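Q: Chain residues, written in single-letter form:
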Amino acid sequence: MRQKLLNALIGILIALLLGAFLLLLQGYDPLATYESLFRYSLFGYYPFATTLRNAVPLVLPGLSAAIAFASGVVNLGQPGQLVMGALFATVGGLYLDLPPALMIPVLALLAMLGGMLWAGIAALLRRFFDMSEFIVTLMLNMIADYFTAWAITAPFKDPAAFSPMTPQINPNGWLPKWGEFNTMILFMFAAVVLAWFIFNRWKAGYEWRITGQNALFARLGGCNINRNFVAVMLVTGALAGLAGGLVVMGGPHRFIRGLGANYAWDGVMIAIVANNGLIATFLYGLFFSAIQTGALGMELITNVPNEISQVLQALLVLVIVASREYLNTALEQLAARRRAREVRT
Amino acid sequence: MKILLGLINGMISGATPILLAALGGAYTYYAGVFNIAMEGMLLTGAFFAVLGSYYTGSWLVGVLLAVAGALLLSLIFILFAVVLKTDEFVTGIALNLFAVGATTYMLRKIFSVKGVFSNPAIQPIPSIRLPLIENIPLVGEILSGQNLMVWVAVIATILTYYLIFQTRFGLRLRAAGYNPARLDSSGVPSNRMRALSLLACGVLCGLGGAFLSLGYVNLFAENMSAGRGWISLAAIILVNGNALGIALISLLFGFSDGLGLLLQGYRVPAQFTAMVPYVATLIALYFYAARKRRLKNA
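Just so you know, the protein sequences line up as chains A and B, in that order.
Residue numbering for the first sequence is 1 to 345, as defined by the working numbering.
Residue numbering for the second sequence is 1001 to 1298, as defined by the working numbering.
Wrong hints could be hidden among the right ones.
[Unchecked claim] Here are some, though not all, of the chain B residues that point toward chain A, as calculated from beta-carbon distances under 8 angstroms:
id: 1; residue: F1080
id: 2; residue: L1084
id: 3; residue: K1085
id: 4; residue: T1086
id: 5; residue: V1090
id: 6; residue: I1093
id: 7; residue: A1094
id: 8; residue: F1098
id: 9; residue: V1100
id: 10; residue: W1230
id: 11; residue: I1237
id: 12; residue: P1269
id: 13; residue: F1272
id: 14; residue: Y1278
id: 15; residue: A1290
These aren't lab readings, by the way, just hints derived from the structure by calculation.
Nothing here was measured: the structure is a model prediction, and the numbers come from that model.
Glycine included, each C-beta is placed from N, C-alpha and C at the ideal position.
The shape of chain B in the complex, shown without the other chains (with noise of 0.2 angstroms):
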């Protein structure tokens, strides 16, 4: 019973930041462009979390600022790929290795610490406990007791899932992707779209970051998103962008988060455990390329 709480914990908390950052992917996939930038948007959003944390005491604007930093980067894509018309794939790994560069540089320069700061100082997302529900067995367990920003990723999904196929700026959103030059010609520029879904992208992905570095964990590492924001675009990918399937998914590699963590009490070697996720990632695409093949042959 304790064993499988826990690996539901894990997995609800493995799954929150691949869930954010594949959202925020979402709108941008849907709205063609090729965005693989959530990786350092997730890296950022996690340092400014610690930064504004840290230095006001206030979580609340930790998450504000690693909304705005996350934001930066998605300011910068937006200038170079959409404005200045550069290859979405260099702004993105470019972006990625400045967010790498820019947060170690910052670390050192404003913490004066190399690798990891971690202080007392930082305050965490609060947990949210729900009275009377906490009190029903393992269901209770699980729902109470859920940092916020899991809820928050909960909303997100709805949210996007309504926002991207029931409103008109999700339609806008996807003539973008579909037919630039239609939706250009019937008066909405589709830059303009494009623009919009980065800016959602950056907001989710800040989101993301500062779960990772506020709730996840209470402080930040070099490099500390991990190649999730890589995970997330598998996500986008396997599911064709559709919010409720990136959910699943996410929950997917979550649990295989999770499940890395059990395994260590197994004596299994911790770096076999950091592993799973990234081969259940593979697992699944086998999946996918198998499923697209059987379509293409019937």
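This is chain A alone, in the form it adopts within the complex (with noise of 0.2 angstroms):
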């Protein structure tokens, strides 16, 4: 545990050290660029509302890819499945009218649905024809985003809007906020704590690890490693689809253009980062939307373009990753040789 949180914190330093780098590169303060960054995401209640708020949609597709890997099911399809959650959530907010209590909650399951039945389609093609989730999955992103931009544009378009935006969903549908915080959080919290608590306490989460770990062992022990392959597709497809409902409800309350923006990909990155651990998704999440969150009042602040958070943020993936691994073998090489000098002794 304490070589994990070492070799993150060595890696984040070196990754903010080589940004620091590229900015003084281009002639900006790098230590006023960090320092807007993190004020204006981190320090003081409203910066920080806005970071546990960004957080949802990193997070949720974060803990999707996380559980899908580590179960060894090779689901790249969050793109696809957190706007097809998000074009649920949105067309059932525009034809249904509940009780907000009864109203979020549902809509919140639509979001699901379209998120497992995305990734429902890609679970049915490897299952019955082979075809590898990989590409599958990654195809089916694109065919997502081309059918809801058209759902937007033609059967669901605001007769109102000049861009193809469809019109508000029923406020009944709206998280409510408690302050500044945004009560979509909640379902965030909710998320990790189910999803570590199913992948690490329950017996299907023990055979999906299994089975991502070593399937061959899994299946002589009697684990069903189709039905298992079925199960983490849908459930991975319902977390992503639920952070594009998330997003609808706790928004712009409407399917907007380019509504899914890079969460989904971010999301697959956190996970990576992680090395596949929820909680370390979770709090890696956390620190991504910081940046992103930062990023805008840094830009008011220092004028260095917002779009520096995405380099950044590839930047933080390769050097935490590389030196993860990169310690891990040092760390090994010099356990073994203290080793051999004590048998030599």
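Join these two chains into a complex; the hints should help.
A: Structure representation (structure tokens):
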């Protein structure tokens, strides 16, 4: 545990130093840039609330990717599942009229259903036709992108709007706010706890993990590999779909163009950086969200374009993962050498 | 007749960037590198092509800069995946996102625009007219007037096929993927072959990217590679890396691209016609999986 934390801190430090170097090259003041980056994301009531809220669409796809990868399922369809979830929640919000206490859970379930459906297609194609879910989910991402773009330009377009978007959903489906805290963060916390519990304490989660580590062993031990595969696809699809639904219900209250942004891919990166650990995914999700949130304030103060946050994120991913693997080998070498010396004496 | 001609020309220009990227990926496929960074390399190439062409007024500088930009990604890939032994999949995903972020950032920083940069000062890659041949009906009309990069792709296909299967370099390349320890013990570092394959991939993806922004269209748009790198990955997997097979599959995808454009004329919504290449990939994958299963059962 301590070594993991140390690895992460060293990686982050190196990445930030490299980022500072890039900023210096372009004539910006790296210290002032970083200072405003974190001041506008972590320090203060409003910045922190915004960071938490922005973390939701990063953490949920991140959990989805982490569970999938740790179970040996290459589900890279989070972007498609997210927008399909958002579309399902939006359509539900347009045509349903229930009291808020019922409306919000129903819309959240619809969002999960949308994500499950999209992941389910890939699961079935793999299950019955042996088509690798890796390429299938990637292609389904593009198809979902165009499908939702069509849905908001033709059948569900707001007639009053000039650019493609749906009308606002029924206000009963809007997620309430507590002060500056949007209640969508409650869904995130619940998802993290539930996912951790299922994955680490339940029999199903145990079977998934074992399958990810050694599929042959799991099968010989009596796990139904095929059923587990479909289950993991559906669960991870639901998580990504939920993210899309929450973005609609908590934010613009409608499906606008570019709603999915880069959320899901960022989530995949976060899962990778976290080495598929669920708690680590949550923490890195907060960290990445802080960078994205702070970037907007940083742009106002220092004139550094906020797109630098995307560059910084990719840098963080590469350096953290590389330094983790490099440090692990270095430490193992060190330990081996020490043992060799002990044997000699 | 006109429709057929349009379809064929659409097929060729749709196939070219996918073909170039997939050929690049073929080198890494044989060298045993799980390389999914073609998407990012295409995008980087497309950006630098516009950058060079706009500032110098020469498409050639644009193409060279595109290759240099994609090579830069290759070098980062080599640094992390080959030298530091970071997971190749992780490196690829991070590089793809890095490419999206970096090109968007530079678009904003250098051209001060968001989304799309188009300008009449961007010099496109010229088309090649073939005198005499252009007078032959149909065949001449197809062969003449194609973009220079189309011919580069044709040459690259033949060259790749020759290099990988007929030369010592190709043998070592395939050995690096097939049995790296054996190659190392015979005195050729397999890491060097992996690095070389990634450099080759960078060059070809740079050319493909240059065609995207200086041939296919004449502008740079955010994320304009639009999944072509992923499609090229699918193409490689479908034919197990064979260059001639890749050319055939790329033409198939190019055809679906052209078909999409044609369908738009029949009032099919543009979003659905744009899906055609991705659906075609899924269908191709179905047949690939079915054949593999048959072979396994036989």
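Q: For which of the previously enumerated hints does the structure constitute a violation, in increasing order of number?
A: Nothing - there is no hint that the structure violates, so all of them hold.
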